[in-house]
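Given the coordinates of chain A, assemble chains B, C and D onto it according to the supplied hints.
There are 4 protein chains.
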Amino acid sequence: MRRPIKVTVWNEYRHERKNEKVKEIYPNGMHAVIAEFLNKEDGINAGTATLDEPEHGLTQEVLDSTDVLIWWGHTAHNEVSDEAVERVYKRVLDGMGLIILHSGHFSKIFKKLMGTTCNLKWRAVGEKERIWVVEPGHPIAEGLGEYFEIPHEEMYGERFDIPAPDTLVFISWFAGGEVFRSGCCYHRGAGKIFYFRPGHETYPIYYKSEVQKVIINAVKWAAPANGPEVQFGHVPEPLESIR
Amino acid sequence: MRRPIKVTVWNEYRHERKNEKVKEIYPNGMHAVIAEFLNKEDGINAGTATLDEPEHGLTQEVLDSTDVLIWWGHTAHNEVSDEAVERVYKRVLDGMGLIILHSGHFSKIFKKLMGTTCNLKWRAVGEKERIWVVEPGHPIAEGLGEYFEIPHEEMYGERFDIPAPDTLVFISWFAGGEVFRSGCCYHRGAGKIFYFRPGHETYPIYYKSEVQKVIINAVKWAAPANGPEVQFGHVPEPLESIR
Amino acid sequence: MRRPIKVTVWNEYRHERKNEKVKEIYPNGMHAVIAEFLNKEDGINAGTATLDEPEHGLTQEVLDSTDVLIWWGHTAHNEVSDEAVERVYKRVLDGMGLIILHSGHFSKIFKKLMGTTCNLKWRAVGEKERIWVVEPGHPIAEGLGEYFEIPHEEMYGERFDIPAPDTLVFISWFAGGEVFRSGCCYHRGAGKIFYFRPGHETYPIYYKSEVQKVIINAVKWAAPANGPEVQFGHVPEPLESIR
Amino acid sequence: MRRPIKVTVWNEYRHERKNEKVKEIYPNGMHAVIAEFLNKEDGINAGTATLDEPEHGLTQEVLDSTDVLIWWGHTAHNEVSDEAVERVYKRVLDGMGLIILHSGHFSKIFKKLMGTTCNLKWRAVGEKERIWVVEPGHPIAEGLGEYFEIPHEEMYGERFDIPAPDTLVFISWFAGGEVFRSGCCYHRGAGKIFYFRPGHETYPIYYKSEVQKVIINAVKWAAPANGPEVQFGHVPEPLESIR
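In order, the protein sequence lines correspond to chains A, B, C and D.
For the first sequence, our numbering assigns the number 160 to the initial residue and increments by one for each residue that follows.
For the second sequence, our numbering assigns the number 160 to the initial residue and increments by one for each residue that follows.
For the third sequence, our numbering assigns the number 160 to the initial residue and increments by one for each residue that follows.
For the fourth sequence, our numbering assigns the number 160 to the initial residue and increments by one for each residue that follows.
Just so you know, these hints were derived from the structure itself, not from any lab.
Bear in mind that the values here come from a model prediction, so they are computed numbers and not experimental data.
It is possible that part of the hints are untrue.
Copies of the same chain look alike in the list, so a pair counts if it fits in one copy or across any two.
[Unchecked claim] With a Cα cut of at most 30 Å, we get these calculated DSSO-like pairs of lysine-lysine: (1) K379 - K177; (2) K199 - K177; (3) K249 - K287; (4) K180 - K379; (5) K182 - K267; (6) K182 - K372; (7) K287 - K182; (8) K249 - K180; (9) K271 - K177; (10) K199 - K367; (11) K199 - K379; (12) K165 - K249; (13) K249 - K177; (14) K270 - K280; (15) K165 - K267; (16) K280 - K372; (17) K165 - K287; (18) K271 - K199.
The shape of chain A in the complex, shown without the other chains (with noise of 0.2 Å):
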């Protein structure tokens, strides 16, 4: 039998304790609420890890035991150290999945291996966002509809300075005018990364069924390979025909 599938998510946990309407939505942070909905999910182990906590709770233990790393950052993608991040790249080019959620786009991590500006447009009026599936095929949209929607949501548009997805998943509409590359796979190194649009902190968008249903395939998907071990640098000569 397979082992269960180890996550941690990863929140900054800065908005949820100083504005009172996002604290109303996640008492305990969106990290809670997230690991939660995923620990309910058999084959899935899901702790958690913040900003504040020394090292950012990403030592290297933590993350030498994560399959899969779930993060979300806005206001203080700053404050994440070098080291950290360097330790998180270097472990998803070695194969752990990583899913960036919203706002993540910018943060370093992202930002580093995708190796552009990941800068967009965006607006907060709370309008309605409907996630279309372009991909029915691919294992994250098990268990969706054609669409679904979410009433009121920060807008993110096009043109998004992302490489172009491996596999594109969802495109968003806005009704504002806009459009969103919305889910987007990519591999890097031996690892799987998956970009999610949804979840701006004033909404309850975490709790929708079909987010989380996203969010659980995604963990899935980006769960290691366990492919080869690849060895760069100098190889010998061989020493006799190979022919």
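Chains B, C and D only, in chain A's frame:
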């Protein structure tokens, strides 16, 4: 100096002869309008062909001298002979560019080259379309703004049953709540294919400057690359070591 | 608990009955060997079907209960009825996985789904093949080393006339000087397709542990995602503003 | 008429001054040879820059007037200042083309744009390389045969730790048993990037006609597209319905 790109604009040319509204917009057919703006461009030399000509105007001779074929069809896809489709198919794989416009998504040739149904959602109430550029470095985006609008268009919505494009250049937003992958690039064989969504016959779409610019750009992009002549089949055993 | 993945291993099953050398390697056919190692795997339940059964063993009932179809054909592609091909085609677009082995590159079903000729170079002198993993984070690479070797194989060489795969997992090196894209993943409709190169009938390829591992991995990857049921065609006008 | 493409050929230019063997092949440096064959081409205007010039010859002024930057580095990647790397990075995302040659795979700029280690296997015994065209319709394959050979080269082998290219144009075969993705196209921001493998300093690689043809083709492909000027950040609420 490079010789001009030889374009053949193929049109079903039925709506324009039977429907008064369409006739008013395109008295000589859409193909005439498209060929006209192409011929104003340096380095492009455009002719036309239509369904009701002998062999649909797509004789082997015409195809052999065509660098890029543009295709508009809607009401009579099934009247296109399998022989003509096969000739076009072989020419595309041999290097001829192919630009499929709007309702051409359901043409025999596009379905054959894509290997999928190319089905989609549609609604014809003349709603607003906004076409967003998502790959600003692609040559088909040359000279465009971040988006352009078509005030009244037929809606095409996802799921669009196509292979994920090699490069996705445009995504459309529709007022009624849908999105669509509107500019899709493919390599097939030695040929390049571009699907471009706009062009419902009851609106003057092909008079619009941005639409014309996209088609001009696509012609240049899709022109044959003059790459290697590929040999298939049995290859002899190396007579001596190739090391 | 997830129900087992139902696999149907389809084989042309002609070489094994007509050619003594092949019969010796696969006395009950390649399909029997493949089904056998699949059935040793937890969560996989494999049956077989062959060309000379009624409807080639590919009745609607069989296909409807098949999650992943594996396909080996070579000498009798044209004897597969268009009706059977059409049934398989629809099931793939509807979500069934499809794994095409070796000379199945020239099967009707693969050519129809790819939209290209699927032609290639070949040479049958039993040279060495080395299959390199180029996407180590992909689930089809699970449990493999950086490469594996097949001491004697038929060579397949580029240009392989396929659409660029959505994900390229393996590249083969051949002693005689050729390379080949040997592990190619595609989404088509709601289905997933994997092309896997090895498997010439005169060598005991499907007894090789790495080859078996790849096929097992591919079955798991290609199993249906149970994503949205897609609706195509006309969609009604929104009765009220969706903003 | 289109103005010429302004190319800057950047070279580390150390091996040529320190190593007699390399000096003999490239007495004025590889950059001089590359610029020379580029300048013979209509529509290309090439200059050079080297590591030991002030600001490595990569001042803002030089970069601002460069359409395509070609990069060769090997022994002194770490001597390239972070400021210069940042200037190049911003220009690429802003539309400048970038062609990375051979050992430039390990340059700061390539690793930053790829988001991965860009590590690989290597062996320097002067074995034969065969470079196969796998996307014959791509403009970078113009004028080539199905493959070309380099009789003596340093081997680079997979796993090459890069993101899967947007388009894979070449795959190399090496006599010693390795394969390599040798021609890789990327869009990043508004810029286009091409990685091209050949070019070890101890062999006269850049005198070879096919290698020169590839670089000329890549310059034309990577030239800026003059697409939309992208605006990021806050966008205002639509004042009226956009429906």
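Hints versus structure:
For the homomeric pair K379 and K177, neither the shortest alpha-carbon distance inside one copy (33 Å) nor that between copies (46 Å) is at most 30 Å. Taking the shortest alpha-carbon separations for K199 and K177, only the intra-copy value of 29 Å comes in at or below 30 Å, while the best inter-copy value is 56 Å. In this homomeric assembly, K249 and K287 never come within 30 Å of each other (Cα to Cα): the closest approach is 38 Å inside a single copy and 34 Å across copies. In this assembly of identical chains, the alpha carbons of K180 and K379 never lie at most 30 Å apart, being 32 Å within a copy and 44 Å across copies at closest.
Taking identical chains as interchangeable, the C-alpha atoms of K182 and K267 lie at most 30 Å apart only when both belong to the same chain, with a minimum of 25 Å there against 43 Å between chains. Proximity of K182 to K372 under the C-alpha cut-off of 30 Å is restricted to the intra-copy arrangement: shortest distance 24 Å within a copy versus 49 Å between copies. For a Cα distance limit of 30 Å, the shortest separation of K287 from K182 inside one copy, 23 Å, qualifies, whereas the shortest one across copies, 39 Å, does not. Proximity of K249 to K180 under the C-alpha cut-off of 30 Å is found in neither arrangement, the shortest distances being 36 Å within a copy and 38 Å between copies.
For a Cα distance limit of 30 Å, the shortest separation of K271 from K177 inside one copy, 29 Å, qualifies, whereas the shortest one across copies, 35 Å, does not. In this homomeric assembly, K199 and K367 come within 30 Å of each other (Cα to Cα) only inside a single copy, at 15 Å, whereas the closest approach across copies is 40 Å. Taking the shortest alpha-carbon separations for K199 and K379, both the intra-copy value of 14 Å and the inter-copy value of 24 Å come in at or below 30 Å. Only within a single protomer do K165 and K249 lie at most 30 Å apart by alpha-carbon distance; the minimum there is 18 Å, versus 38 Å between protomers.
For the identical chains of this complex, K249 and K177 are neighbours neither inside a copy (32 Å) nor across copies (35 Å), given an alpha-carbon limit of 30 Å. For the identical chains of this complex, K270 and K280 are neighbours both inside a copy (16 Å) and across copies (27 Å), given an alpha-carbon limit of 30 Å. In this assembly of identical chains, the alpha carbons of K165 and K267 lie at most 30 Å apart only when taken from the same copy (23 Å versus 34 Å across copies). Within a single copy, K280 and K372 get their C-alpha atoms as close as 26 Å, and across copies as close as 25 Å, so both meet the 30 Å cut-off.
Proximity of K165 and K287 under a CA criterion of 30 Å is satisfied in neither setting, with 34 Å inside one chain copy and 41 Å between copies. Proximity of K271 to K199 under the C-alpha cut-off of 30 Å is found in neither arrangement, the shortest distances being 32 Å within a copy and 39 Å between copies.
This entry does not satisfy hints 1, 3, 4, 8, 13, 17, 18, going by the numbered hints stated previously.
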